[in-house]
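S.K.: Quick note, the sequences are listed as chains A and B, same order. According to the numbering used here, the first sequence is numbered sequentially starting from 1212. According to the numbering used here, the second sequence is numbered sequentially starting from 1212.
These aren't lab readings, by the way, just hints derived from the structure by calculation. These numbers come from a predicted model, not from an experiment. Heads up, a few of these hints could be off.
[Said to hold, decoys possible] Computed beta-carbon distance windows for the label pairs:
1) N1798(B) <-> R1811(A): 55 to 61 angstroms
2) H1823(B) <-> L1537(A): 53 to 59 angstroms
3) L1830(A) <-> H1594(B): 37 to 43 angstroms
4) V1488(A) <-> L1744(B): 44 to 50 angstroms
5) E1491(A) <-> V1642(B): 53 to 59 angstroms
6) R1268(A) <-> Q1789(B): 44 to 50 angstroms
7) E1698(A) <-> A1796(B): 56 to 62 angstroms
8) V1488(A) <-> D1489(B): 54 to 60 angstroms
9) R1793(A) <-> D1800(B): 44 to 50 angstroms
10) E1430(B) <-> R1811(A): 56 to 62 angstroms
We treat Cβ as the ideally placed atom computed from N, Cα and C, and that holds for glycine.
Protein chains: 2
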Amino acid sequence: MNSLLVLVIGAAVVISLALAAANFFKVKQASPGTESMQQIASAIKDGANAFMSLQYRAIALIAIIILAIMTTVVSWQAGIAFIFGGCMSAIAGWIGMHTATLANVRVSNMARESKSLGKTLQLALMGGSVMGLAVAGFALLGLAAVYIVFGYWLGQLSPGELVLHDNWLGIPGIRDIPFTMTVSGYALGCSLIDMFNRVGGGIYTKAADMGADLVGKTEIGIPEDDPRNPATIADNVGDNVGDVAGLGSDLLESFVGALVSAVILAAYLFFTHNGRVDQEISHSTLLKLVNYPLVVAAAGLLSCSLGIVFMRFKRISDHPHKEMNLMTWASAILTLGVSGIASIYVFRNVTDAEFKILGFVINGFSPWGCAVLGVASGIYIGHLAERYTSYDYPATKRVSELSREGPALTITQGMAAGMKSVLAPVFVLAVAIIGSHALAGLYGVAMAAIGMLSFVAVTVSVDTYGPIADNAGGLSEMAKLDHKVREITDSLDAVGNTPAAIGKGFAIGSAALAALSLFASYVYAQAGEAAKLPDFNLVLNMINTLTLAGAAVGAALPYLFSGILIEAVAAAARKMVQEVRRQFADNPDIITGKSLPNYRECIEISSAGALHEMKLPALIAVLAPIVCGLLFGPEFVGGLLIGTTLSSVVLALFTANAGGAWDNGKKYIENGHFGGRGSEAHKAAVVGDTVGDPLKDTVGPSLDILIKIMAVISLIMVSIFGKYNLYGWLMGQ
Amino acid sequence: MNSLLVLVIGAAVVISLALAAANFFKVKQASPGTESMQQIASAIKDGANAFMSLQYRAIALIAIIILAIMTTVVSWQAGIAFIFGGCMSAIAGWIGMHTATLANVRVSNMARESKSLGKTLQLALMGGSVMGLAVAGFALLGLAAVYIVFGYWLGQLSPGELVLHDNWLGIPGIRDIPFTMTVSGYALGCSLIDMFNRVGGGIYTKAADMGADLVGKTEIGIPEDDPRNPATIADNVGDNVGDVAGLGSDLLESFVGALVSAVILAAYLFFTHNGRVDQEISHSTLLKLVNYPLVVAAAGLLSCSLGIVFMRFKRISDHPHKEMNLMTWASAILTLGVSGIASIYVFRNVTDAEFKILGFVINGFSPWGCAVLGVASGIYIGHLAERYTSYDYPATKRVSELSREGPALTITQGMAAGMKSVLAPVFVLAVAIIGSHALAGLYGVAMAAIGMLSFVAVTVSVDTYGPIADNAGGLSEMAKLDHKVREITDSLDAVGNTPAAIGKGFAIGSAALAALSLFASYVYAQAGEAAKLPDFNLVLNMINTLTLAGAAVGAALPYLFSGILIEAVAAAARKMVQEVRRQFADNPDIITGKSLPNYRECIEISSAGALHEMKLPALIAVLAPIVCGLLFGPEFVGGLLIGTTLSSVVLALFTANAGGAWDNGKKYIENGHFGGRGSEAHKAAVVGDTVGDPLKDTVGPSLDILIKIMAVISLIMVSIFGKYNLYGWLMGQ
């Protein structure tokens, strides 16, 4: 690796992690407020820590099994990279969550003491930035380490190694390119942690939330975060383990997934073209293709660090919306500027003939152009989500309006709004795919995904700030602080919605784009040496009945996965409902405020429910491609991946936007429209919100992980399916 | 055409239509009961007739526009076949609906006078059989006429005509096989009528139903079909225009779609293989492939006629379930037996070399084997639907159980059950695709679809009998007849659920299978003369970014379509709710029974709502492939079709089964579980049922039409997209 590049990437990692540490201590030094606030905060922190350690212990067991399998059937390098990826993701998630549980009470106290929106905003943002910087920093640190150790030191990126190798088990026909397996292992480690964090955290938080709402708000009629509600601490723990840790590892996984998909594709492009004398790409050009994604990531990380430092020392105004936008836009533009300059440097020695083979129509600027296209389409997708879910637009207002007719029409209208919201973002994505492919071939599509996530450090900072502000509001309610405090935290929380919508747009958009690169790599891997023949076409044929049948099964899988997730939430929520009802019934003093409810019991129910229910969905994601591959072979699995991706993208958009419309439809009523709080319309809107919660916060975000876990596992296993599958055996192939 | 075959097909058509007429008169001769019953019945009949004639008038206008376009850009033969198809579908739908509106009151009266379940069952079944026989009879009559007139008399099936012809406009590059265009026109005519009947009828019936339930059941607390409810007549009209006419034209469309997809595929197989000296198929073998689907259809129609005649003269027991199953199974087995024998006759002179080229592994029995596979998988899919939606199984019981926790968990659990129900039937379909392809190539897949629908006459008879019994029950309630009458009609109605579930399985399964044949034909048509080259591969490549982008947009389209449909129902239902509330508020005598409500106003609201709202969804189905084709070209549209098909199949299964689970979950509570009628659980279950109604009765059934309308239009237009599209022009192709 070019030493300048190592320096830049190293600097980005060091600076970002140092800044994360500095911001962490700045948050920690702030005053945690009154004793009662500290008590509540420490209950939340303990609950979150307890769940995370239980969860990580459960994952560790599964990770060891996968490690053993990976080391046996793939390579020890892939196994180590897998563990390494898992650790990076776990550390980033834990740091972010830990910071959030410290920050919430301090933000609440800052609002109480300073009464200044600007100062409170700054502290919340510093808390969120620890997660943002940790996510991008650890992801890049780990990947750079994989490059340096396995790629450069151990030579997996040297010219002689970028060919198909026999598997170390020596079974004839089982062959792979070692470096693609190693980075796939790294990506799989990140995905696995993410799957559990998302699913486990998602079940935890929604079970607690639904449990708290169904009895507290709907049956008893006490407000949200009322300390008399036994589920209220569990609900706040859920925000930290679900929204903070879940979201952090989700974007880390997306970021790594996008980077790795580009790298694997580059390796295959080199492998195939280098077998063909008419179309040779030099090894140094390959290394540029392999390194450029990391350079863009480093450029993004440095730019985001600058943006965050700026926010740390800037005098913050009382307009959180403006400050947020300033930081996001400044970091995004800086990222694109720096990576544009970097692209000139990186691709300076590539020949015109090579550009032509790669399909780079504007030479060295092509991949950068794709990144710009990715950013633009990601932002537009986020804007579209806003149009369908914000109550400033007619779709959500209509949901509120129909709430006056009762829960049935609320649900019906929200569902219709969610369904109608799917086409426009998908169309934007389709244009991005066609456009980036026209600019720089399949590599360009991968770069568009990387572009979307290049300033992930800021996106995650802003996304994490939302739940911190939300938690701070909850704390102020539970500690019975002045209403002014709640007002400040509420206005902070409201600002988080737009960036959060854009973040979701990036997550699902980048997953779809990364999946395309992974399909292509899958087809290359399936073809093996045949991919070097001059008449080789990169084809996944839908008229092939095996592939079509696979696509049909693939399209159904996300529904099964979602159904199981929703049922898991409902099952855990129901136990919570019964516990909350029991507490109110057994001890009438709770409702009068004379006696405290048993918070711990509710925390344990959520925790046990989440740990118990998270295994099945995760297993489906891991085992579905393996089982299908061993039964029906690689063509079926190719279809399976396409079907799952298509179906997941539309289902994720539907669930996210329907859930968003119900959520904000309720908020619109709470702002005093159509009868306001306590009206029949409000009751119906609460039903809508409760239905939407698991859809938008558990199902939607889990679907983009499903896509990538399945694609990476298929890629790792394809040479095995190709050789051993029941259908082929029956047909005598 | 072989004169024996003409005789068989002619006999099938004549016998079935004569039997339909005989059964119609038998129903008409039965006594229509008391004057008050007749008054109500004639209000329902007038409402249904009024809506149908308004609807057909609206369709006629659109049909004339399409006729003009078809005649201009395709051929006058396709235009005439289009009108012909539309007429067959419209006539069958109208006859069925008209019979149903006569039968309902007579069934009610039979129950009142005879108090015999068996006799009532027989009359209801005779009423339903008119629709069943009309659907299959007119579909086959029309298609046979198209064959004889255009195929044989005008020579479109003669050897010289089964090649690509220049379009009569003479634009170079716009070429098609005339007979495939003619049968596509016929199929499109059926699909168009079906689209409007399904969508218009679906909106009508659900708006009335939801309107009646939301105020009557939920707010006022009066039972279903209470004459005090102003929407009650509209609700019963809706059953006839939605469930009877809609369902009839739906299965007619499926039947024709399956037949036509096989015929078109056969024409392309002949066209391509006959350009390749190594792989020639004789013209007489082609005609066998083209004729065999009609022979199977005729065999099915004769067998079903026998089954229905048997039921007409048999002494019917008091076990409707047994009688129903007897008729269905007898007809199905007879159909398979007769078509098995026919396959020996039809394929007797085909050479082994030809069988090999076609991929018929068990020679002449191969297509028949596929039909058997289709029947078996269709029945199994129906059984799976039963497992997920009947309250005899745990999934639906769980929905009932969670209704105790209020509407939010009812909705959540029903949604989860629906989502989980998708994979198993899709897996069965995948196995059917792989299996039938292994038996007889792509032609085999088309034959599997035809197998599923071969005994459609009985399926539709049984399906139509359900709403007739339902309507009879409503009438007995409105005419305040003895409770015994309602009990009889209710037990008839309950029996209809299983065959209805199986019918839905056939409809969506056959749509998916027929779509695959249409994709293949589309790719052949897109390739044009190139399809004759020896190295031609039938490929629709998902790694092609245009195709993948098209697939993504295609996957989103069914959501848009469904969202618009649901919103249309909600909008129409809301107007109904307001009208019903207004009537109760303005005239307090209605609720005491002293004064009659204004039924006519409610009928007009449903009618106007349905006519107004049905246009947009129909336009989307017709225009989406045309607009996409002109913008992005044929590869994009190929992806669009795949995406739409995959997404529609899973969405249709989800909506049908979630809706079914809510419906039966409510019924389970009404049977006295979890508190029974009037309990909080029942209220929550009614919310679930109301949400599910438009999903299962409007959205689900419309999606399988969407698949075929889009596929047929794309097939007709592909040579035009191939030559004229914006993307190609921009890229300088």
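S.K.: In this structure, is the beta-carbon distance linking H1823(B) and L1537(A) contained in 53 to 59 angstroms?
M.R.: violated (47 angstroms)
S.K.: Verify the CB-CB distance for N1798(B) and R1811(A) against the hinted window 55 to 61 angstroms.
M.R.: holds (58 angstroms)
S.K.: Cβ-Cβ distance between R1793(A) and D1800(B): within 44 to 50 angstroms?
M.R.: holds (48 angstroms)
S.K.: Do the beta carbons of E1698(A) and A1796(B) sit within 56 to 62 angstroms of each other?
M.R.: violated (41 angstroms)
S.K.: May I ask you to test the hint 44 to 50 angstroms on the CB atoms belonging to V1488(A) and L1744(B)?
M.R.: violated (27 angstroms)
S.K.: Take a look at whether the Cβ-Cβ distance between R1268(A) and Q1789(B) falls inside 44 to 50 angstroms.
M.R.: For Q1789(B) against R1268(A), whose Cβ atoms are near 57 angstroms apart, the range 44 to 50 angstroms is violated.
S.K.: Using the beta carbons of L1830(A) and H1594(B), state whether their distance is inside 37 to 43 angstroms or not.
M.R.: violated (27 angstroms)
S.K.: Is the distance from the Cβ of V1488(A) to the Cβ of D1489(B) consistent with 54 to 60 angstroms?
M.R.: The hinted range 54 to 60 angstroms is violated for V1488(A) and D1489(B), with Cβ atoms some 33 angstroms apart.
S.K.: With 56 to 62 angstroms as the target window, see if E1430(B) and R1811(A) comply at their CB atoms.
M.R.: Roughly 42 angstroms apart at Cβ, these two residues miss the hinted range, so it is violated.
S.K.: Is the gap between the beta carbons of E1491(A) and V1642(B) within 53 to 59 angstroms?
M.R.: Violated, since E1491(A) and V1642(B) (Cβ atoms, about 45 angstroms apart) do not stay within the stated range.
Violated hints for the displayed structure, listed by number in ascending order: 2, 3, 4, 5, 6, 7, 8 and 10.
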